[in-house]
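Heads up: the protein sequence lines correspond to chains A, B and C, in order. Using our numbering, read the first sequence as starting at 11 and increasing by one per residue. Using our numbering, read the second sequence as starting at 11 and increasing by one per residue. Using our numbering, read the third sequence as starting at 11 and increasing by one per residue.
It is worth saying that the hints were derived from the structure and are not from the lab. Remember, predicted model here, so these are calculated numbers, not experimental data. Certain hints may be false.
Pulled a few chain A residues facing chain C out of the computed Cβ check, cut under 10 Å [said to hold, decoys possible]:
(1) A106
(2) F109
(3) A128
(4) V149
(5) R152
(6) E153
(7) Q162
(8) L169
(9) A214
Not close to chain C: a few residues of chain B, all C-beta gaps over 12 Å, as computed [unchecked claim]:
(10) V105
(11) A129
(12) V183
(13) L187
Heads up, the beta-carbon is just placed ideally off N, CA and C, and yes, glycines get one too.
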Amino acid sequence: MDATVLSLVLDLSGVFVFALAGALAAVRARFDVIGLVVVAMVSSIGGGLVRDVILGTEPPLALRDWRYLAVPTAAAALAWWLHPRLSRLRRSVRVADAFGLGFFSVSGTATALAAGLAAPQACLLGVLTGVGGGVIRDVLLREVPLVLSDGQFYAVAALAGAVGVAVAWELEVYGLLAATAGVALVVVLRLATLGLRWRLPVPADQRRRSPG
Amino acid sequence: MDATVLSLVLDLSGVFVFALAGALAAVRARFDVIGLVVVAMVSSIGGGLVRDVILGTEPPLALRDWRYLAVPTAAAALAWWLHPRLSRLRRSVRVADAFGLGFFSVSGTATALAAGLAAPQACLLGVLTGVGGGVIRDVLLREVPLVLSDGQFYAVAALAGAVGVAVAWELEVYGLLAATAGVALVVVLRLATLGLRWRLPVPADQRRRSPG
Amino acid sequence: MDATVLSLVLDLSGVFVFALAGALAAVRARFDVIGLVVVAMVSSIGGGLVRDVILGTEPPLALRDWRYLAVPTAAAALAWWLHPRLSRLRRSVRVADAFGLGFFSVSGTATALAAGLAAPQACLLGVLTGVGGGVIRDVLLREVPLVLSDGQFYAVAALAGAVGVAVAWELEVYGLLAATAGVALVVVLRLATLGLRWRLPVPADQRRRSPG
């Protein structure tokens, strides 16, 4: 399996996992069958689509390769039939989601660097690729975006992977090995902080801080 | 009236109808005059704008032709003065909305095919052109997007028209006749399923499905 | 200080003020540290980013100059540490926000005119640059966008500045002087209508209007 095929397989795995998580959220919100498919697509290809539009890669990758539409549709069908069982697989879904986050933020950062962006901007777009689909999903489901408010190390894990990619790129050692290390970094950070129940700081209560 | 003029007239009719429906929703939400105009514009040109940005058609059509701004403004003014009477025209508005949906999904699909997209992606963009403005409107009004959750054959009708256009395109018979047939298909499907109270399936209740 | 430097300083001041207002809103919504930074960025560079994507300027300005990321990050840090004191500066923040609105709508309109858009469309994009970031912020915070519903002369002030720029452009006298006058017009209109408690009209109550 050469690098391009590996990259595609990993990317589509990310799409599948994110689509599944999105479709399950749509089932919980009692959306209809169309809503399921739309939320599955938005959750999985939304982040990359926004990235491609910002970079001026038009039409976006997700609209040039039919598999980027077929995989979310299949994930929505799975969620439709198996949602009672899948809800029990919360743990496995979470692990899979961490891998999706890892691959998306790594590939998103690399795509932005290849398009000529400087490292900080490329990291931002990488994180956006990883978390963007989820934010759009939360907005459609009329929920406050979790990634902005629940205090988990989600965007931070994605950022760590993105910075790793940018450093490897600067050192001119970016390749399959560095990409794998970046994905692993995101997955380990995400799952470790989840297991250890680490929390991001929230601003101090206004009353406590005010003098006197 | 040649084909281009007809196409423009139909497109602007779609803009007008969608703008009117959006402005009436903004009146109900007690938005101010600016809110009315903005929601009218977003509802009517939002879907096509997103499509053009994704396709890389910049600036988007709606920003190159002044009529695409004048028509929603006029619709907002109408809604402002006549909303008590218009609310009684619920039935007529619904029929007009079905035509808007038909024309937007047909012209959106054709635009995407002409830009070189494959059939499935072009159909997706066609449906997006038809329903996108309404989704943005619902998000601004802080409502769960109706098209995703109310179980009506709205996006399905748009999809049927889009598939019809794609088939005609493949067979190299796309033209005024095929476009008209596509619009008619959407309108009939939309109004018939509305009249017959057909409902899209919603995922089965989790408790019922879980074994034991 | 030449015109380019002045323009950059004014633009970054707008970014700073909008980022600060966004971060304070995120503090009130009890978002975590990531949420603070994201909302600060979205509020400050979101409007310009949407404008650049619509105009096809890719990558957008905000992703080509590192200061457009550094300034919102600094504003988020300030809001983090000083929010109890900043909340008392409501008046100063409001004045600063008016300047941000002025500069963004003037520079947005000029950018769109320079990209070849006609005057009405350029004014629309100018207003979008000024108010767009705030709308995205409100959607993320799950609030009805204030600019559409609270009846204040916010978008109207931005529109006045945009029209001023477009007129100066048509007369071929657009330059530093006209830009400054445009910003001043927005600031004065915004603060005067705020001080005088002017309100935009809201559609008449449906019951009152209906005949009989």
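Verification of the hints:
With 10 Å as the threshold, the beta carbon of A106(A) stays out of range of chain C, its nearest partner Cβ sitting at about 22 Å, so the hint is violated. Hint status for F109(A): violated, given a least beta-carbon distance of 20 Å to chain C, over 10 Å. The interface hint given for A128(A) is met, as the beta carbon of that residue sits about 7 Å from the closest beta carbon of chain C, less than 10 Å. Taking 10 Å as the C-beta cut-off, the interface hint given for V149(A) holds, the closest approach to chain C being about 6 Å.
Among the interface hints, the one on R152(A) holds; its C-beta lies about 7 Å from the nearest C-beta in chain C, closer than the 10 Å criterion. Using the Cβ-Cβ criterion of 10 Å, the hint placing E153(A) at the interface with chain C is satisfied: the shortest such distance is roughly 8 Å. The beta carbon of Q162(A) comes within 8 Å of a beta carbon in chain C, closer than 10 Å, and the hint placing it at the interface holds. A least Cβ separation of about 9 Å between L169(A) and chain C falls short of the 10 Å threshold, and the interface hint therefore holds.
The interface hint given for A214(A) holds, since its Cβ lies 8 Å from the closest Cβ of chain C, which is under the 10 Å cut-off. The claim that V105(B) lies off the interface holds: its Cβ sits roughly 22 Å from the closest Cβ of chain C, which is beyond the 12 Å cut-off. No beta-carbon of chain C is positioned within 12 Å of the beta-carbon of A129(B); the least distance is around 26 Å. For V183(B), the requirement that its beta carbon stay farther than 12 Å from each beta carbon of chain C is met, with the minimum near 33 Å.
Consistency note on L187(B): stated as away from chain C, and its beta-carbon is indeed over 12 Å from all of that chain's, at 34 Å minimum.
Going through the hint list in order, the structure does not satisfy hints 1, 2.
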